[in-house]
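Colleague: One letter stands for each residue in the lines below.
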Amino acid sequence: MSIPCLAHLRARYCLATQFVSVDFGLRDSIIEEILSCIDRRATFRRCLFVGAALLCLYPTNSARAQDTAFHEAEDKYMFGFVDGSDIGNEGEKAIEFETTGAFQKRGGRYSAVEQELEFEQVPTQFFAYELSAHAMAHSISGVEGLDNINNVAFSGASAKLRYLIIGRGPGSPIGLTISAEPEWSRIDGTDGTQTQDYSSEFRIVADTEFIPNRLYAAFNLIYVPETEKGAADPNWQNSSGLGLSTALAYRITPTVTAGAALEYDCAYNGLAFQTFDGHALYLGPTLQINFSPKILLAAAFMAQVAGHAPNDPRALDLTDFSQYRANLKFEVEF
Amino acid sequence: MKRSPIKMLSLAIAALMLGSFASMLPADAEDSVTVNISLKDHRFQPAELHAPAKKPIMIIVKNLDPAPAEFESNMLRVEKVVTGGGTITLRIRPLDPGRYRFFDDFHQETQGYLVVQ
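The listed protein sequences derive, respectively, from chains A and B. The working numbering puts the first sequence at residues 1365 to 1698. The working numbering puts the second sequence at residues 21 to 137.
Calculated directly from the structure, the hints in this document are not laboratory data. If you're wondering where the values come from, they're calculated on a predicted model, not measured in any experiment. Even glycine gets a Cβ: it sits at the ideal position worked out from N, Cα and C. Treat the hints with care, since some could be wrong.
[Stated by the list, open to error] Here are the simulated EDC-like cross-link-like pairs (lysine to aspartate or glutamate), alpha carbons at most 16 Å apart as the crow flies: (1) K1658(A) x D125(B); (2) K100(B) x E1697(A); (3) K1457(A) x D125(B).
[Stated by the list, open to error] Derived DEER-like restraints, expressed as beta-carbon distance ranges: (4) I1459(A) x P72(B): 35 to 43 Å; (5) E129(B) x L1495(A): 17 to 25 Å; (6) P1537(A) x Q137(B): 14 to 22 Å; (7) R1578(A) x K74(B): 48 to 56 Å.
[Unchecked claim] Computed, partial: chain B to chain A, Cβ under 8 Å: (8) K82; (9) E92; (10) M95; (11) R97; (12) E99; (13) K100; (14) R113; (15) D116; (16) P117; (17) G118; (18) D125; (19) Q128; (20) T130.
Using the sequences and the hints given, assemble the complete structure.
Modeller: Have a look at this one:
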């Protein structure tokens, strides 16, 4: 019978706490245990586990040393599909590659991936704008209510105007921003067919820091009016969307932030919510990595966990919404 | 009078843009307070600046080093490159009392504070 290895138990504790709080004494005792394991010719597996624990401790202590380096951070992209209120610093310019995917509808195989190339500038301490060109790739096969299609095309252009009403910081624990994102599309985002589509996404964004420079929270109220005319359709169709989303994000290290987001979306016919079309609730994780002060990567994934479309008894609304969403942003500031 | 949603949206976008352009106007130089700071051997001198609350602030940064620096602050919401031996002027909005950290984005350990009282 093998003797329980103290380091083994402590290593399990270390892995469970995921770099959060392990003291230096524990690190020293694990080092002693490794030497002891070697002396006792302990099993390779045990030594390996203890070694892994030591590796685990390295970033722990590294992170501890950097605790004082948790300075204020921009939270614009921290929350994935949910916006933060920060708009950037006056004088900032950036190029951004943003990929947004919608996956899985009712039956068959469905993917709609949009690639945006964005130029972003912050001309004042209160205002920022983005100019974007869009391309879309659709791969649809055997999906209920949609024609099969496989195409990639330039799909349109958009601009995003962000106006900071209240800046988070001394004097205000809450940040508040409003934004408008008018967009022209020549490809229908859902079915991939040719269309003429004009829409604008309006957001009211509020955020706060529950733990200064560490734990952030954001809330968005979203309204998206849209008017669209298919290539063979003589009439314009109006629709609108209403969304409410919230997210939490925690800075694990000064450069890595992880969190979770929740979004509730409703779809309507008409610009002012005339007829209810369906609703969906999404939930998913977020991650942001700052590779350097000028380069960041933000990723988010959401799955529809509840939803319903009128006249469809089945769970989830996969007529108006996809089952999964993913978003990837890569920003290079210059 | 009932307005169509499209007209209301257009008005909202126009108001947003108007507000944005208004905010681009520089602060009145006569009302603002000027503070000076220099960079020498990758250190801010002085490392702590003081300014009154609720007044526009002009920060004049002189880089006495030969290497360029970037004066940046997420709290002040500004960033600007200052060339080696160069000088820049930053116009800051009226601030609430507090400590506002700034740093050199090219040498992140180089930092200082603007104390607003």
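Colleague: Lying within 17 to 25 Å: is that true of the beta-carbon distance E129(B) to L1495(A)?
Modeller: violated (35 Å)
Colleague: Let's test the interface hint: is any C-beta of chain A closer than 8 Å to that of E92(B)?
Modeller: Since the shortest Cβ distance to chain A is 6 Å, the answer is holds.
Colleague: Identify whether the interface hint at R113(B) stands, where standing means a beta carbon of chain A within less than 8 Å of its own.
Modeller: holds (5 Å)
Colleague: For the pair we were handed, K100(B) and E1697(A), check the Cα-Cα distance against 16 Å.
Modeller: holds (13 Å)
Colleague: So if I understand the rule, the pair passes when the alpha-carbon distance is 16 Å or less; does K1457(A) with D125(B) pass?
Modeller: holds (14 Å)
Colleague: Range hint 48 to 56 Å: satisfied by the CB atoms of R1578(A) and K74(B)?
Modeller: violated (29 Å)
Colleague: For the range 35 to 43 Å, tell me whether the beta carbons of I1459(A) and P72(B) fit it or not.
Modeller: Check passed, 39 Å falls within 35 to 43 Å.
Colleague: With a cut-off of 8 Å, does the beta carbon of D116(B) approach a beta carbon of chain A closely enough for the hint to hold?
Modeller: Because about 3 Å separates D116(B) from the closest Cβ in chain A, which is inside the 8 Å limit, the hint holds.
Colleague: Take a look at whether the Cβ-Cβ distance between P1537(A) and Q137(B) falls inside 14 to 22 Å.
Modeller: holds (20 Å)
Colleague: Can R97(B) be said to touch chain A, with a Cβ gap under 8 Å?
Modeller: Because about 4 Å separates R97(B) from the closest Cβ in chain A, which is inside the 8 Å limit, the hint holds.
Colleague: Go through the hint on M95(B) and say holds or violated, using the shortest Cβ distance to chain A against 8 Å.
Modeller: holds (5 Å)
Colleague: Given Q128(B) was flagged as interface, is its beta-carbon under 8 Å from a beta-carbon of chain A?
Modeller: Holds. Min distance 7 Å.
Checked against the numbered hints above, the structure violates hints 5, 7, 8, 20; every other hint is satisfied.
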